Each structure stands twice: as structure tokens, then as C-alpha cells.
Amino acid sequence: MDRTEKYRIGIIGGGVAGATIAELLSRIPGIHVTLIEKAGALAQGPPFCHLHAGGFLYALQIPLEEALSLLSDSLLFARWFPGAIIARPTFVAVRVGAA
457 MDRTEKYRIG IIGGGVAGAT IAELLSRIPG IHVTLIEKAG ALAQGPPFCH LHAGGFLYAL
517 QIPLEEALSL LSDSLLFARW FPGAIIARPT FVAVRVGAA
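Take any residue in the sequence shown, count from 1 to its spot, add 456: that is its number in this note's numbering.
Bear in mind the hints are in silico, worked out from the structure with no lab data behind them. Predicted model, so just to flag it, every value in this text is computed and none were measured. For each residue, glycine too, the CB sits at the ideal point set by N, CA and C. Certain hints may be false.
What the hints assert, rightly or not - Per label pair, the in silico range of CB-to-CB distance: (1) F533 x L498: 15 to 23 Å; (2) R464 x A497: 17 to 25 Å; (3) L524 x P485: 36 to 44 Å; (4) L532 x A495: 18 to 26 Å; (5) A497 x Y463: 20 to 28 Å; (6) A495 x W536: 17 to 25 Å; (7) E521 x P485: 21 to 29 Å; (8) R464 x S525: 24 to 32 Å; (9) I487 x L524: 14 to 22 Å; (10) K462 x G496: 26 to 34 Å; (11) E522 x K462: 34 to 42 Å; (12) L532 x L480: 22 to 30 Å; (13) D529 x A497: 15 to 23 Å; (14) L524 x K494: 16 to 24 Å.
Said to hold, decoys possible - Below, a list of computed lysine to any residue pairs in the SDA-like style, where the Cα atoms sit at most 25 Å apart: (15) K494 x L526; (16) K494 x I468; (17) K462 x A475; (18) K462 x T476; (19) K462 x A495; (20) K494 x L480; (21) K462 x G496; (22) K494 x E521.
Sequences and hints are given; from them, build the entire structure.
This is the structure:
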């Protein structure tokens with residue numbers, strides 16, 4: 457680390473949120489950002505907004521397993537950061553017999 461760098465930050469996950477925060481933090485003088493992503497490109501998975509935008513989860517656009525994983529991750533996020541969630545009624549519907 458050279459003398460101009462004050463902080464080194466590692467971000468795990470190059471989805472929409474990870475890539476965005478890495479870009480924004482890298483603009484700040486004195487901060488060196490390392491973004492770690494297991495996929496071959498950034499922002500390849502479904503964004504978190506699939507769940508929170510209007511309270512809908514668009515399960516028809518992604519495989520059911522990904523939708524359930526996204527829901528699980530979103531609920532975990534809500535438990536970790538309860539102040540970041542605006543309380544609203546939430547409904548989750550999965551088609552029976554969905555392929």
C-alpha cells in the first residue's frame with residue numbers, strides 16, 4: 457500500500473450492488489478497492505431489485521431455484537439490516553407445477 461492509500465477495501469460479489477459500490481468507492485481518493493466475483497462477468501445474476509421493486513418477485517424470468525435462493529438471501533438481508541427495510545405487506549406466489 458503506498459502512502460496515498462488510506463484504506464484497502466475488499467468487496468465479495470460483483471452483482472449490481474457489489475459492482476456499484478466498488479465503482480463509487482474507487483472514486484474516493486485514498487481508497488483502493490478489490491472486487492471479487494466467482495462468475496466470469498459482473499452483474500450476471502438476478503438483481504436484488506427483483507424482490508423489492510414494488511414487492512414483486514418475477515419468478516417467471518428466473519429459474520425457481522434461483523428465485524427461492526434470492527428470497528432466502530433477501531430475508532437474511534432484512535434480518536441483518538432491519539432499519540433498511542420499509543415495512544409493507546409482502547406476498548410470495550409460486551405456480552404449482554412450474555417447470
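Checklist entry - Holds or violated: 26 to 34 Å for the Cβ distance of K462 and G496? => result 32 Å, holds
Item to check | CB-CB spacing for A495 and L532 relative to the 18 to 26 Å hint | outcome: Holds, since L532 and A495 (Cβ atoms, about 20 Å apart) stay within the stated range.
Checklist entry - In this structure, is the beta-carbon distance linking I487 and L524 contained in 14 to 22 Å? => result 36 Å, violated
Item to check | Proposed proximity, L526 with K494 (alpha carbon, max 25 Å) | outcome: 17 Å, holds
Checklist entry - Does the alpha-carbon distance linking K494 and I468 stay inside the 25 Å limit? => result 9 Å, holds
Checklist entry - Does the Cβ pair E521, P485 satisfy 21 to 29 Å? => result 43 Å, violated
Checklist entry - Per the hint of 34 to 42 Å, is the separation of the Cβ atoms of E522 and K462 within bounds? => result 38 Å, holds
Checklist entry - Is the hinted range of 17 to 25 Å satisfied by the C-beta distance from R464 to A497? => result 24 Å, holds
Checklist entry - Would the pair K462 and T476 pass a check requiring their Cα atoms to be no farther apart than 25 Å? => result Status holds; Cα separation ~21 Å.
Checklist entry - Does the Cβ-Cβ separation between R464 and S525 fall within 24 to 32 Å? => result For R464 and S525 the Cβ distance comes to about 30 Å; the hint holds.
Item to check | 25 Å Cα cutoff - pair K462, G496 | outcome: Violated, because 30 Å separates the two Cα atoms, which is more than 25 Å.
Checklist entry - For the pair F533 and L498, does the Cβ-Cβ distance stay inside 15 to 23 Å? => result 20 Å, holds
In summary, the structure is inconsistent with hints 7, 9, 19 and 21 from the numbered list given earlier, while agreeing with the others.
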